[in-house]
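Protein chains: 2
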Amino acid sequence: MARLNDHYLKLRAGYLFPEIARRVRAYTEAAPDQAARVIRCGIGDVTEPLPAAAREAMHAAVDELGERGSFRGYGPEQGYDFLREAIATHAYQSRGVEVAADEIFVSDGSKCDTGNILDIFANGANRTAITDPVYPVYVDTNVMAGNTGPADASGAYEGLLYLPCTAANDFVPAIPDEPVDLVYLCYPNNPTGATATREQLQAWVDYARANDTILLFDAAYEAFIRDPEIPRSIFEIPGARDCAIEFRSFSKNGGFTGVRCAYTVVPGELTALTSAGERKPLHPLWSRRQSTKFNGASYVVQRGAAGLFTDQGQAEVAALIDHYMANAALLREACQQIGLPVYGGVNAPYVWVGCPEGVDSWGMFDRLLQQAQVVVTPGAGFGAAGEGYFRISAFNSRENVEEACRRLRQALG
Amino acid sequence: MARLNDHYLKLRAGYLFPEIARRVRAYTEAAPDQAARVIRCGIGDVTEPLPAAAREAMHAAVDELGERGSFRGYGPEQGYDFLREAIATHAYQSRGVEVAADEIFVSDGSKCDTGNILDIFANGANRTAITDPVYPVYVDTNVMAGNTGPADASGAYEGLLYLPCTAANDFVPAIPDEPVDLVYLCYPNNPTGATATREQLQAWVDYARANDTILLFDAAYEAFIRDPEIPRSIFEIPGARDCAIEFRSFSKNGGFTGVRCAYTVVPGELTALTSAGERKPLHPLWSRRQSTKFNGASYVVQRGAAGLFTDQGQAEVAALIDHYMANAALLREACQQIGLPVYGGVNAPYVWVGCPEGVDSWGMFDRLLQQAQVVVTPGAGFGAAGEGYFRISAFNSRENVEEACRRLRQALG
Numbered sequence: 016m017a018r019l020n021d022h023y024l025k026l027r028a029g030y031l032f033p034e035i036a037r038r039v040r041a042y043t044e045a046a047p048d049q050a051a052r053v054i055r056c057g058i059g060d061v062t063e064p065l066p067a068a069a070r071e072a073m074h075a076a077v078d079e080l081g082e083r084g085s086f087r088g089y090g091p092e093q094g095y096d097f098l099r100e101a102i103a104t105h106a107y108q109s110r111g112v113e114v115a116a117d118e119i120f121v122s123d124g125s126k127c128d129t130g131n132i133l134d135i136f137a138n139g140a141n142r143t144a145i146t147d148p149v150y151p152v153y154v155d156t157n158v159m160a161g162n163t164g165p166a167d168a169s170g171a172y173e174g175l176l177y178l179p180c181t182a183a184n185d186f187v188p189a190i191p192d193e194p195v196d197l198v199y200l201c202y203p204n205n206p207t208g209a210t211a212t213r214e215q216l217q218a219w220v221d222y223a224r225a226n227d228t229i230l231l232f233d234a235a236y237e238a239f240i241r242d243p244e245i246p247r248s249i250f251e252i253p254g255a256r257d258c259a260i261e262f263r264s265f266s267k268n269g270g271f272t273g274v275r276c277a278y279t280v281v282p283g284e285l286t287a288l289t290s291a292g293e294r295k296p297l298h299p300l301w302s303r304r305q306s307t308k309f310n311g312a313s314y315v316v317q318r319g320a321a322g323l324f325t326d327q328g329q330a331e332v333a334a335l336i337d338h339y340m341a342n343a344a345l346l347r348e349a350c351q352q353i354g355l356p357v358y359g360g361v362n363a364p365y366v367w368v369g370c371p372e373g374v375d376s377w378g379m380f381d382r383l384l385q386q387a388q389v390v391v392t393p394g395a396g397f398g399a400a401g402e403g404y405f406r407i408s409a410f411n412s413r414e415n416v417e418e419a420c421r422r423l424r425q426a427l428g
Numbered sequence: 016m017a018r019l020n021d022h023y024l025k026l027r028a029g030y031l032f033p034e035i036a037r038r039v040r041a042y043t044e045a046a047p048d049q050a051a052r053v054i055r056c057g058i059g060d061v062t063e064p065l066p067a068a069a070r071e072a073m074h075a076a077v078d079e080l081g082e083r084g085s086f087r088g089y090g091p092e093q094g095y096d097f098l099r100e101a102i103a104t105h106a107y108q109s110r111g112v113e114v115a116a117d118e119i120f121v122s123d124g125s126k127c128d129t130g131n132i133l134d135i136f137a138n139g140a141n142r143t144a145i146t147d148p149v150y151p152v153y154v155d156t157n158v159m160a161g162n163t164g165p166a167d168a169s170g171a172y173e174g175l176l177y178l179p180c181t182a183a184n185d186f187v188p189a190i191p192d193e194p195v196d197l198v199y200l201c202y203p204n205n206p207t208g209a210t211a212t213r214e215q216l217q218a219w220v221d222y223a224r225a226n227d228t229i230l231l232f233d234a235a236y237e238a239f240i241r242d243p244e245i246p247r248s249i250f251e252i253p254g255a256r257d258c259a260i261e262f263r264s265f266s267k268n269g270g271f272t273g274v275r276c277a278y279t280v281v282p283g284e285l286t287a288l289t290s291a292g293e294r295k296p297l298h299p300l301w302s303r304r305q306s307t308k309f310n311g312a313s314y315v316v317q318r319g320a321a322g323l324f325t326d327q328g329q330a331e332v333a334a335l336i337d338h339y340m341a342n343a344a345l346l347r348e349a350c351q352q353i354g355l356p357v358y359g360g361v362n363a364p365y366v367w368v369g370c371p372e373g374v375d376s377w378g379m380f381d382r383l384l385q386q387a388q389v390v391v392t393p394g395a396g397f398g399a400a401g402e403g404y405f406r407i408s409a410f411n412s413r414e415n416v417e418e419a420c421r422r423l424r425q426a427l428g
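If you're matching them up, the sequences are chains A and B in order.
Just so we're aligned: 164 in the working numbering is position 149 of the first sequence, and the numbers increase by one with no gaps anywhere.
Just so we're aligned: 220 in the working numbering is position 205 of the second sequence, and the numbers increase by one with no gaps anywhere.
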């Protein structure tokens, strides 16, 4: 009798973004004349055209596949050398960070990688810490893997260590005073837009090395960091190669949310323990996982990603980042003028805003939807400590952002 | 102290295709003048140009992404409706098979899907049966998930039920005389090229329904079936919607091994048991798995796959299948003339050949490499029951296949 994975039944039904979509649908069905006015600043999805450097590379790759002499079938599961080498050079080595091409695993997305990474760890035997608020995928994949008990009434899962991020700690959590085995960190942060200083990241690396903890470092938004003092990679921190895996993506810098390409760095030095207490490197395990359960990202897509590293591609990526960061500045300014507490949006594409006195996250969501036809993300959807906040995404056209700012001022000013 | 997944350490080091690559490399390094002569009929990778219908659709999709008005970011994790509906209509409903668009989950590959599907089952609580010989991914992913003990000296993993496929049973295994929870079936078969009759598949469905077994049916090669009496889908068999998941791919029919697109069908009726013995549908579990750990196949790739369902696309796919099947006929003929026992290659792109008296699979591999510079796949690499056979892939140019046939006749005739 086939048995299903019971852990799935612990998952709370209302995943955040489907619930948002449901409420928007209900609203526009009830007020169809308002439907066209809705401006979506909820989910962090890019809106601007794919860079020409990527498109040209993709067109050329499609043409290559049309000729028998240049046709390519199965590629290396870990990614083509042309892309792994471009990443190693441009994303790391040119910035003085030691990451080799063969430590880079190209994939079809960071969501996949941050979820699948649990495959190489012992399910049920590791204690996991996450920040609160948090990107829901880290939590849900730990639930699926059996690393938690059931959720309580507040939605917190038994067995997870929640690290609250609040205005008091500038949304960078304190180092835990107990050992944990896996810690998810995301800087620049989704959802709060917070960044971590070199000293803060050094403290995490020191903790991880002292406790044999693995840091799962999500750097999907590193391209939005403007302050040269803020690390863009965990591997800028001495000792991180012993204790960290880094996830990066072309989604938000290159506009690849629909094209799908990302990569994960597993340093050669990184180890974990067997149940017998033997220390083994993780690189071969992830390599085996990817070779067995993945067949490489699309050749056409990998060529597109490599196109982003040309001079033209780098200039186009910089222009995209400029565009979204100017949006973030406008959104910050509008919320500040209204008199709300505003965080993030400086080295990150997310603006994290405190709700007015007496309004909770979902109340604010409903109010902005109904009064301003602006869709935001309720902070409580990212965890209990997100209650009282909402997130505005800067991923939009300038026109939409300017209009959203006008309406926010009108509804809340 | 982070603990790794010990089950990975049970995996045997020599995955088949890397070992083949190693031996080919060693040979060509020792005999560099022969390197250019090597003809690869080992791994089942397509060689012919990507159909124009797919390329044109991909070019158009890339252009769409270059305009803000038609730009698309995140798509539905389960696939775009345009592709799910095309699959439902063309691959199933037009053949009288009941599969709805929302039962189809588009992905980036069947290797991924056949591996990831174990996520929704209870690891360690299900007994799995596989055929022998078998596509190694089914075995390795069960090892990784903790559904087996260690391998014995012959490479067989404790806890798996191996179903031997031999000339005596026409390479379709007997129904087990004990209950199992999960069974992997692949027809047309990789590696033997065998197909299963309607009666044989009905017997599997009856067994599965009687024992609450899930059939994991890999139909990646269904397009190669020419005989109208042979089912192309498990869902042609009455009762299969209660007990089967089907995996299909655009890799081998549309030449998508490098482009990456596949799909998995999970019928609404399909259920499995919780540990408490409650019966629950699997469709929501797989949907949740894909929503949480996957972000949809590339938009460009999905447009390419949909292009294969146009009239032009269908004609181009048919021409590709014709091409590879004519290759298979030539390879069959050559091996028959040599006097070797020949199987498969009629409704499948793989020809399964018995070794001459006294030569084992790897011996044959080495001999063909050294004497004919033809790379085949040793049957023993697919399991103990594959010993004494080798597989020749029909995925090649006509020129290469004709030359390979000449050399096989010369070396073995």
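FYI, nobody ran anything at the bench for these hints, they're computed from the structure.
A couple of the hints might just be wrong.
When chains are identical, the list treats them as one kind, so a pair holds in a single copy or across two.
[What the hints assert, rightly or not] Quick list of in silico lysine to aspartate or glutamate cross-link-like pairs, EDC-like style, CA-CA up to 20 Å:
1) Lys25 <-> Asp167
2) Lys25 <-> Asp147
3) Lys25 <-> Glu79
4) Lys25 <-> Glu173
5) Lys25 <-> Glu293
6) Lys295 <-> Asp21
7) Lys295 <-> Asp257
8) Lys295 <-> Glu79
9) Lys295 <-> Asp227
10) Lys25 <-> Glu113
11) Lys25 <-> Asp257
12) Lys295 <-> Glu284
13) Lys25 <-> Asp48
Quick caveat: nothing in here was measured; it's all calculated off a predicted structure.
Which numbered hints are broken by the structure, listed smallest first?
Numbers 3, 8, 10, 11, 13 - these are the hints that the structure violates, sorted from lowest upward.
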